[in-house]
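Participant: Sequence:
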Amino acid sequence: MTQHGATKWADVDPLAITHNTKLVKQLVGETTAVMAVVKADGYGHGAVPSARAAIAGGATWLAVSSVTEGIELRRAGRGDRRETGADALRP
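Note that the working numbering has the sequence shown beginning at 623, numbered continuously upward.
Among the hints, erroneous ones may be present.
Stated by the list, open to error - Calculated lysine-lysine pairs in the DSBU-like style (CA-CA distance at most 35 angstroms, straight line):
1) Lys630 <-> Lys661
2) Lys647 <-> Lys630
3) Lys644 <-> Lys630
4) Lys661 <-> Lys647
5) Lys644 <-> Lys661
Claimed, not checked - Computed spacing ranges between beta-carbons, pair by pair:
6) Ser687 <-> Glu652: 26 to 32 angstroms
7) Ala662 <-> Ala638: 14 to 20 angstroms
8) His626 <-> Ala655: 45 to 51 angstroms
Hints were generated in silico from the structure; no laboratory data involved.
Just so it is clear, the structure is predicted and the values come from calculations on it, not from any experiment.
Where is the CB? At the ideal position from N, CA and C, for every residue including glycine.
Construct all of the structure, not just a fragment, from the sequences and the given hints.
Facilitator: Written as structure tokens, this is what we have:
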């Protein structure tokens, strides 16, 4: 069956990412590191805005799937080392 004109989208609210990251920090405790996974362009939601929102919520690490993705975050960042990463390595 062919679908014509089918449209898919996702509404992503950076404030919701920040809020949810804060909730995770409350659950695990302030001394526990939290890693936000922002690979694959933030799963299609934008790696840079997703990373910034997660960091604002208290994310300690960011996970990406390639050095190229880490470089993208580094270039978009404010020089904060938390804005880079590759796989599960702490920057």
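Participant: Of the hints given before, which are not true for this structure?
Facilitator: Violated hints: none; all satisfied.
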